[in-house]
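Novice: Listed below, chain by chain, are the residues.
2 protein chains.
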Amino acid sequence: MSKNVTLGLIQMQCSTDPKENLVKGLKKAEECIAKGAQIVVLPELFLSHYFCQGPKDKKYFDLAGPIPGPTTAAFGELAKKNKVVVVCSLFEKSQAGKFFNTIAVIGVNGEVMGTYRKIHIPSLPPDFYAENYYFEPGSETKVFKTPYATIGTLICYDQWFPEVARMATVQGAQILLYPTAIGWTPAQLSSRGPAEYEAWQITQRSHGIDNNVFVAAVNRVGQEKDLKFWGTSFVSDPYGQVLVKASLDKEENIIITIDLGVIDEMRREWPFLDERRIKVENA
Amino acid sequence: MSKNVTLGLIQMQCSTDPKENLVKGLKKAEECIAKGAQIVVLPELFLSHYFCQGPKDKKYFDLAGPIPGPTTAAFGELAKKNKVVVVCSLFEKSQAGKFFNTIAVIGVNGEVMGTYRKIHIPSLPPDFYAENYYFEPGSETKVFKTPYATIGTLICYDQWFPEVARMATVQGAQILLYPTAIGWTPAQLSSRGPAEYEAWQITQRSHGIDNNVFVAAVNRVGQEKDLKFWGTSFVSDPYGQVLVKASLDKEENIIITIDLGVIDEMRREWPFLDERRIKVENA
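Listed in order, the protein sequences are those of chains A and B.
Numbered per our numbering, the first sequence spans residues 732 to 1014.
Numbered per our numbering, the second sequence spans residues 732 to 1014.
Be careful, since some hints might not be right.
Which copy is meant is left open, because identical chains are indistinguishable; a pair holds if it fits in one copy or across any two.
To be verified - Distance condition first, Cα-Cα at most 27 Å in a straight line; then the derived DSSO-like pairs of lysine-lysine: (1) Lys811 x Lys829; (2) Lys1010 x Lys829; (3) Lys1010 x Lys789; (4) Lys981 x Lys790; (5) Lys814 x Lys787; (6) Lys959 x Lys976; (7) Lys758 x Lys1010.
Since the hints were derived computationally from the structure, they do not count as laboratory data.
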């Protein structure tokens, strides 16, 4: 049975100014909504440069804020007005004073439906993705039942860990969303760059295949210090086919309508969820 | 640190005559060894047609035998004489009278080092891969420490389940070997065929990426009743790059030397095993 949903994925360049990035993100979300998007997804930590490269610096903790907070309020207004869902990646400072790399999912009434805190926190190479200095790891996968689809929210480095894709699917996810900040370091560009770039796409497409779900990756673009972010935001279907893919280096909104009916169609022929025999569990 | 190992993968057509298939398998293994293969891999259930399609029939249980048994003895002689490892997929009848889809790993002294019993047993579509009628599921992943490499043995449908790839890797596998019997049913050929064919490759390559290991798939070729097996045996590296790929429809031996040193090199840059946070466990 067909059930269409339209995604709006924002591939953007981010500056060092949170206010500027918020205004830009809101504007791009409006563009997506104008073209029919029902679920809008922003890239990882879009309110700032990706600060987890270069010397570790306590000043970056100033970028963190509470959830709900001003950013979710701004997107909440937009969501409520347009009856859309917004998937918003933020640097969270919790009430208890801990810091997380977090997604807030904002529902069609403008409320924060809940949060997902990134489980897999990279620490290598030491000067490029040193996230363990800034973020506590989360411990639970989360899915959000919206009027348009049940979405599973994961973040960037989670991409390389099939366990969390499986867990979100088992919880009911029909689409796995990966807000991302990934690119090449100078060393990578001159050695394994092309292989790593392809691997990043293959592993995400495979999570879609193994779970019979859609996958959407939303990356930033631009050069920040030594990291060149590689864009290439994309959507793949439950067979792992890439339905749409953005450029390596330009800001773009991806607007795509997908048919969730493919999920059940595939599960009748390849019932991986039904026939899996190994449990995945929080460590 | 480089450590080379040479694989010999036998992509073959199988007849209904076990004796003929045994002779052919031995001959092809000798061809691989003559070209330098140190680990020789046969396709899934190569001693017979893939009998799990069409009407279920008790007569096929006659194809099962004990391990060790005559087939492992024949390959054991070859292995001992040439100091090679043979990965041999067999229909096993256990001492307790249970039936399994099993790999016997034969070591360089000709001995059966141990067995792996296929964990994921397909039951759909009912007339094409009705393995649950014939096989009990196994319950444990296995790896085998040979003089050339530590190999993890998985079988066909296991390909779609990242959990078992992870478990074998955690046990020490450097190469995941997937003896296989997969192809298109008439319905698939006329609908999702190309997507399924590509998905089969993507998911296996991704297991290599996510675990930083090599992957080798060894399929049969030929038409048997309504199933057209699609060959395409291949080897991919820890970055998911396909190093070699056989044809869709011809018998071929793949002989390839791979450098296991790439595994540790990759794990220094992308330490997925070290940074994973979710356990996989027998259900």
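Novice: Between copies, within a copy, both or neither: which fits Lys959 and Lys976 at Cα up to 27 Å?
Specialist: For Lys959 and Lys976, only the intra-copy Cα distance (18 Å) is at most 27 Å; the inter-copy one is 32 Å.
Novice: Go through the copies and call it for Lys981 and Lys790: within, between, both or neither, with a Cα cutoff of 27 Å.
Specialist: Cα proximity of Lys981 and Lys790: none, with 29 Å in one copy and 62 Å across.
Novice: Tell me, please, which holds for Lys1010 and Lys829 at an alpha-carbon limit of 27 Å: within, between, both or neither?
Specialist: Close across copies (24 Å), not inside one copy (30 Å); limit 27 Å.
Novice: With identical chains, the pair Lys811 and Lys829 could be close in the same copy or across copies; at 27 Å between alpha carbons, which is it: within, between, both, or neither?
Specialist: Cα proximity of Lys811 and Lys829: none, with 29 Å in one copy and 60 Å across.
Novice: I want to check one pair: Lys1010 and Lys789. Are their C-alpha atoms no more than 27 Å apart within a copy, between two copies, both, or neither?
Specialist: neither (39 Å within a copy, 32 Å between copies)
Novice: Using 27 Å as the alpha-carbon threshold, which applies to Lys758 and Lys1010: within, between, both, or neither?
Specialist: This pair counts as neither: shortest intra-copy Cα distance 43 Å, inter-copy 41 Å.
Novice: Can you tell me if Lys814 and Lys787 fall within 27 Å by alpha carbon in one copy, between copies, both or neither?
Specialist: Classified as neither: same-chain Cα gap 40 Å, cross-chain 53 Å, threshold 27 Å.
When held up to the earlier numbered hints, the structure conflicts with 1, 3, 4, 5, 7 and fits the remainder.
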